[in-house]
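Colleague: Taking our numbering, I'd label the letters of the sequence shown as residues 16 to 206.
Hints were generated in silico from the structure; no laboratory data involved. For glycine and all other residues, C-beta sits at the position ideal for the given N, C-alpha and C. Be a bit skeptical, because a hint or two may be false.
Stated by the list, open to error - Result set (BS3-like, lysine-lysine): computed pairs, CA atoms no more than 30 Å apart in a straight line: (1) K113 with K73; (2) K150 with K187; (3) K96 with K150; (4) K147 with K96; (5) K96 with K135; (6) K159 with K147; (7) K73 with K159; (8) K113 with K101; (9) K73 with K44; (10) K163 with K148; (11) K117 with K147; (12) K113 with K148; (13) K159 with K101; (14) K163 with K147; (15) K135 with K148; (16) K73 with K187.
Unchecked claim - Now the in silico label distances, taken between C-beta atoms and shown as ranges: (17) N160 with Q67: 20 to 28 Å; (18) K163 with L92: 22 to 30 Å; (19) D34 with Q106: 55 to 63 Å.
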Amino acid sequence: MNTIAVLDELWHTYLVTIDCLQIARRSVKRKDIESIQGTEFMEAPQDAAMLQITACRKSTEDYFVLAFWASFERNLLDFLKIECRKIMGTQPSAFNQKLHRKIEDQLEYWRSDEILDIFKMLVDSNLIGQAKKIKRYRDWVAHKNPNKPSPDNVTPQIAYDVLSNITKQLDKHTALSSTNIVSDTLVTKDN
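Could you build all of it, start to finish, from the sequences and the hints given here?
Modeller: Dropping the structure here:
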């Protein structure tokens, strides 16, 4: 599944989740016993239930930013792997094979900011800067280090818009250069 499709699916799941939280909020507010029966809201005071739903929405938004970033980051790494295959050429030398293996082995350990900087040649620099802000927010959400201040809030809408715009620009580049890709298979480490 391509990254745009994954991001679109995540976006749709986010919207449905938010709708479900709105339905829960309405049900609690209206004291709709039939709707909240069998849930934690049944025994909770209305104010406490509303606070739980509000907190859940914030957590949900943060988790979707994490999910958007994870999908996007995988796409960047896959894109770089495809570009690295081009190093191999039609008659790869022993040097090119070794260089290719080294790059692919280390790629997973590269810092995201450094990877994003590579893409400034293909993607609008402003989008790359926004992606770095999303990454900082993602890191803060994932680690919640109390010694570090929280970065600017990133909403799922912002994450989806920025990351899908970058992905679309990369897809255009891939489509233009796809005739130059040597192989869809990676060189194995046994070579």
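Colleague: Run every hint past the structure and note whether it holds.
Modeller: Structure-based check of all given hints:
no.	hint	verdict
1	K113 with K73	47 Å, violated
2	K150 with K187	23 Å, holds
3	K96 with K150	21 Å, holds
4	K147 with K96	21 Å, holds
5	K96 with K135	17 Å, holds
6	K159 with K147	17 Å, holds
7	K73 with K159	14 Å, holds
8	K113 with K101	14 Å, holds
9	K73 with K44	19 Å, holds
10	K163 with K148	15 Å, holds
11	K117 with K147	26 Å, holds
12	K113 with K148	35 Å, violated
13	K159 with K101	40 Å, violated
14	K163 with K147	17 Å, holds
15	K135 with K148	15 Å, holds
16	K73 with K187	34 Å, violated
17	N160 with Q67: 20 to 28 Å	25 Å, holds
18	K163 with L92: 22 to 30 Å	26 Å, holds
19	D34 with Q106: 55 to 63 Å	56 Å, holds
Checked against the numbered hints listed earlier, the structure breaks hints 1, 12, 13 and 16; every other hint is satisfied.
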